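Input sequences plus hints: build the corresponding full structure.
Residue numbers (the numbering used here), protein chains in the order written: chain A, 1 to 585; chain B, 1 to 313; chain C, 1 to 514.
Please note that a few of the clues may not be correct.
To be verified - Computed list of chain C residues with no C-beta within reach of chain B, every gap over 10 Å:
| no. | residue |
| --- | --- |
| 1 | Val128 |
| 2 | Ile203 |
| 3 | Ala241 |
| 4 | Asp384 |
What the hints assert, rightly or not - Cut-off 30 Å, straight-line C-alpha distance, at most; resulting in silico cross-link-like pairs (DSS-like, lysine-lysine):
| no. | chain 1 | residue 1 | chain 2 | residue 2 |
| --- | --- | --- | --- | --- |
| 5 | C | Lys154 | C | Lys430 |
| 6 | B | Lys175 | A | Lys26 |
| 7 | B | Lys228 | A | Lys425 |
| 8 | B | Lys171 | C | Lys514 |
| 9 | A | Lys451 | B | Lys228 |
| 10 | B | Lys309 | B | Lys209 |
| 11 | C | Lys514 | B | Lys175 |
| 12 | B | Lys309 | A | Lys26 |
Please keep in mind that the hints were generated in silico from the structure rather than gathered at the bench.
Just so we're clear, the structure is a prediction, and the values are computed from it rather than from any experiment.
In this text, a Cβ means the ideal position worked out from N, Cα and C, and glycines have one as well.
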Amino acid sequence: MTQIDLETTAPVQAKPAARRSSYVNKVMTSPTAIIGLVWLLLVVISAIFADVLSPYSPLQNDLRATFQLPSWAHPLGTDQLGRDILSRLMHGAGEALLGSILAVVVAVSVGLPLGLLSGYYGGTISLLANRFADLLLTIPAIIVLLAVLAVFGNNMYLAMVALGVLLSAGFLRLSTSTTQGVARELFVDAARVFGVRDLRILVRHVLPNMIGPVVVQASMTLGIALLLQSGLSFLGLGVRAPFPSWGQMVAEASMQVYTQPWLMVPAGGAIALTTLAFNFIGDAARDALPQAQRGNLLAPASTGIAKQNANVAPVPSDVALSVRNLDVSYADADGNQISIVRNVSFDLKRGTTLGLVGESGSGKTMTALAILGLLPTPLQISGGNVLLDDKDLAGAGESGYQGIRGRRIALISQEPMAALDPCFKVKTLLRGPLMRFRGLSRREADVVGLKLLETVGMRNPKGVFESYPHQLSGGMAQRVAIAWALAGQPDVLIADEPTTALDVTVEAGILDLLRDLQAEFGMSIVLVTHDLGVVADICHEVAVMRDGQIVEHAPVDDIFNSPRHDYTQVLLSHANALERDLGVA
Amino acid sequence: MLWFVTKRLLTAIPTLLIITSLTFLLVYFLPGDAAQTILGDQATPEQLTQVRQELGLDQPLGTQYVAYLGDLVRGEFGHSLVTKQSVLQAIGQRSTVTLTLAIGATVFSALIGIGLGMWASLKGGTVDRVLRTVTSMGMAIPSFWGGLLLVLLFAVTLNLLPANGYVAFGKSPSKWALSLILPIIAISIAAISTLTRQTRASFQEVLGKDFIRSLRASGLPVYVIAFKHGLRNAAIPVITVIGLQFVALLGGAVITEQVFALPGIGQLVVNAVQQRDIPVVQGVVVYITVVVLLVNLTLDLVQGWLNPKVRLS
Amino acid sequence: MTTSQTNRGMLAAVGMTLAISFAGYAGDAFAQDTTITVGVQRAPNSFDPLLSVWGGQYQMYLLPVYEPLIRQSTDGTYLPGLAVEWGYVDDANLQFQLKLREGVTFSDGTTPVNAAAVKQNLDRLFEVTGPQTKELADSLDSVEATDDLTVIVKLKTQNPDFQRIISQLSGMIVNPSALAEAANLANNPAGAGPYLLDTANTIINDTYVYTKNPNYYDPAAYSYETITMKVYADQNAMLTALQSGVAQLGYGGPDNVEVAKRSGLQVVQQPTNVFHLVISDRDGAVAPALADERVRQALNYAVDREAILAAIYRGEGTITTQIFAPNTNAYDPALDTFYDYNPEKAKQLLADAGYADGFTFSVANLFPQRDGDYVQAVAAYLADVGVTMNIASLAGQAPDAALLRQHSAFVNGFGGQGAFTDAKTLFLSKGTVFNAFSSEDPELNQLWSDAAAQSDDAAQAAGFQKLSRALTEKAWFLPTTVVNAVAYYREDALQDVKMTPGVTVPLFYELRNK
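Pasting the structure below:
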């Protein structure tokens, strides 16, 4: 029984105007959803019109025609009393569906409002609602249902109401998290400012965003309710023989399982297929929801470009890394290649820093990640070369990066905290490259690791060594990340906005550190940034990127003193203006 | 860590209190006179008095409640109205089977489900799509039906495994294990499917995190990242799901015991429900709640061990 | 269950899931010479002999722990039990003397089985109300212990079934020291039988384990070290248990006779139980229509007994319209077909009685697992003549007159002990399970008294047959089928299992291992 669904995430971006029709369209075009809906429609129709449609009365015995296999007269055969199985299935469908729907309706009507309130108001309401959900999740549904049946006699619908209350926990949690997400969105704040009443906000803005996730949860819950209900009637509870119920039909079939195995198929199949239909619809509804960014470890970094790169000009000896005509793209839903980075080329001279500058979306970060073969799926290198010495990394595949990542080229990323695995201590992280690339034992690695932490200016290296990432400040975390990057003694360091997430004072320290390290170890650095102040501070050369292309590439002084490209000029004026307004970028 | 455990134990108390109160009130939810409902219309006055006494109905509500809680604390769960056996003894005799089944199935489905989930997530493509459909089906198969089909195939047709019955571990460990294979598989099908999906989702999300990129950039091989870092991070939410699965599997065990003629809590409570043997029903509800709370506590500890943020905050 | 066992169990569960081994499982791996596992359909309601439900399966639970006064053999004669000599000592057959075995003690090893103990037990018949106590108590005058080992039972009226009765539940002698706390007997039997109930390993309602009684008077008589009785509510579970050797003997219905034979199990069966509806509301207290004899006859005409026999009981039995079983002296073959299958006549009778549009009544089904299909089949036939019979499933509930008074009829399968007793059980005693509404009919009473007074066997049989005919005409019951009692056993574990007349199961003391 899934009540917390890790597959369904709260909407990544809430939309003020619900695009419901497109969502429904998306669900309805999924083949599994269509299969599920068609089956459900059949079940619903046969349940509603059972009296008219079923070939026989579900109670009509024919003791002289028992255990018949499927035939024209009895499409699903007959049971131990010669009753037509199809007719019994059709008449049993109503109870099965009504019971499950009842449970889900109760679950939604209890869970959704509570979740809305708890997500919107937070505080005590949220606390109480959460405890309520926890409580419900602690109780095995079947035991409660048995207790309800014991007390109230064999009343299946009452049991289903009780089940609904238990299952409301899932809806409560889901609607709480969705509401929290939406409530934080700007437009809700805006609505509040304009004096819109809370209820109106909930109904107009929050509720529409919840429809998708609730549909997913509801269809899965319908399946769960159906399974539990048929389990109870399998046990003979809530059953009123001779009236058919699906679970009871399985129980009856089980009595003949050795002599008449066919009997197991129709009733069990009906339960399984109907549950499957609910699941299929739920899956399709989930797929239609906006998806969060998800990674894939094994996706190839490049696509079929190894051949075209067979002959390339050799890299000059003073160049640490040469990027030539790099293309990065992805295939959209229709199979069209969409370019993110186009024809980017630059040489990184040994011991220097190259600034890759541009606004967000300009392709600078993707260029940097492409060098390491770490593009997020579905992005891939679709052309060009990444030359380290004379080795082309672009077409080399995952194995080609062996001994390169961490050892020759290291990465420092934007969010230092997010870049460190929260589950492991700093020392564990440092040990990885130290033991792998320097061939150290664990103990030796710890000695070197501590020294590295000192090198990056950590005041309390021992304490940091034994800390988990979440116990560090942002600046400390970035220093740890730098120490980690240094562990493999790389020639090239790729720093992706290394100071963006940090305070100004910390930023200066980190930049100083990078400069010092470059001086000490002679590393070459690719610095990705949107901050021209940082560029001015540390870079030797600058490449300005816009829309996936390098629009200007020049020594740092030329960029600041005589920017040639219009866009560079715009960038510079923006930076000046910001500095005037805020003191920093 | 001690504080962590204490805190978790303390939060379990209100849950336990609410459940026991509801259980206590079970008798009052019986429509009409509880003793009459239990015994039927024509019960003799002596029988009614006796049942009222056994249920404590002849005293004021508050007194009864306090007495009830006191009894529970002392481990006194009362006696069955039907068999006259002590409820605790009845539960004690039968709990091994049910717990072995539920815990065995939880471990089994966690191992398989996490494995398949990782596989789906790492491989992607066809493997992922096929597993998605297969797990959808797995979640749709009623455990009692699946159990019967397993019996038909493995016990009746192939004669590889015993069809039913339970052999005590002390009697013969190998027969004990054989007698549990089919029931455990039967109740695990849905749990495996659920855990496969949830692990896949969780794993996918973790693989999209920045630190995975950093780890790759640090030169760590893919399998170390997947199994050491990915799994550990992905396991944290999955542990919560495993806890929920345990609750579901405990429920599944109740039904599946009927199929495999296993002398567990399920048989006890189903009989009790049919006979309106309220003390037994009450006892089982309280017992199961305690078990679930204990298992959740254990999983909380595992989660705390996996997730330093939880442990150290 | 100790904690360490549980822990080991859990550890092993983990281990097992890691390394599933299919090897090593052989079909008969479970059979062992010194133990036997017997599959039974239902659990005993009480180990107090006087409170136990009557029936072969229930006796199976009690016989190992309680030695009866005398034993019934498979050929219908009686053998010594606690008594070594027994018989009437007067001409009127009203004084029955029992000479007890010397030097026998109860299972506690100290309390002697003597005349006082037997008297105390038989006197309980006057105090305790159990499912079958009334039948004997009504004819019982007094019990005297004339010396340490001699008991004389004085009867008010002749009771032709007296020997049979004291070979069964009423003849099982309880340790007098346990009678002080008789309520404890429910789960803690105390007798002089060859076995003890191993309460530590017994799981009530599921598994009952017996170990040898070291104080039994004839220790060599039984070879099994332990006996296990395992409840299988589901016939198929029982069958597979036997097929795989988990159990060596099982009592079941006719459903799986063919499958059992095919899979190499031995099958013994004999016609025993008459399956019927007890139309207990024959005075019309709940459903007034049933007070009319024509209505009850109509119900009897409405049912196709041949079809029921073939479809529900797989042809393992015979049809009947009388309530007395073939092994009783009231049985008259002519009454097997007194009512034919005649829906038209049924409708006519209903119309004559003013129920042309039918009526509704409720039937209780105490054993839905066993009788679910049967009662649904009957209900469908009644529906064909316009009578609606609502089925109330009372699974797991003990038969109880109060419970049954909420319904007009109930489903029953009854094996005869003897016409004298059966008549009392089924309809002469009042306020009992079978006669919940306390119906009474002077004619039936008279016929029974007349028959009981006959000392000549043939004359008595003729008298009881007259009673049976009158009863069939009055249609107090709706009998349909004499169903074979069926027992399955494994040839490799047991030799030549025989059934005792009138008993649904091969009795425990008939079992011999191979």
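Results for each hint:
Annotated as non-interface, Val128 (chain C) keeps its C-beta farther than 10 Å from every C-beta of chain B; the closest such distance is 14 Å. Separation of Ile203 (chain C) from chain B is inadequate, the least Cβ-Cβ distance of about 5 Å not exceeding the 10 Å criterion. The claim that Ala241 (chain C) lies off the interface is violated: its Cβ sits roughly 6 Å from the closest Cβ of chain B, which falls inside the 10 Å cut-off. With a cut of 10 Å on Cβ distances, Asp384 (chain C) stays outside the contact zone with chain B, its closest approach being about 31 Å.
A threshold of 30 Å between alpha carbons decides the hint, and for Lys154 (chain C) with Lys430 (chain C) the separation of about 23 Å falls inside it, so the pair holds. Distance check on the hinted pair: Lys175 (chain B) and Lys26 (chain A) sit about 53 Å apart at the alpha-carbon level, beyond 30 Å; violated. Between the alpha carbons of Lys228 (chain B) and Lys425 (chain A) the distance comes to roughly 13 Å, so the proposed pair stays at or under 30 Å and holds. With a C-alpha separation of about 23 Å, the suggested pairing of Lys171 (chain B) with Lys514 (chain C) holds against the 30 Å cut-off.
Proximity of Lys451 (chain A) to Lys228 (chain B) is assessed by CA-CA distance (about 25 Å); at most 30 Å being required, the pair is judged to hold. Distance check on the hinted pair: Lys309 (chain B) and Lys209 (chain B) sit about 17 Å apart at the alpha-carbon level, within 30 Å; holds. Taking the CA atoms of Lys514 (chain C) and Lys175 (chain B), the gap is about 23 Å. The hint holds against a cut of 30 Å. Restraint check for Lys309 (chain B) and Lys26 (chain A): not satisfied, since their Cα atoms lie roughly 39 Å apart, outside the 30 Å limit.
This entry does not satisfy hints 2, 3, 6 and 12, going by the numbered hints stated previously.
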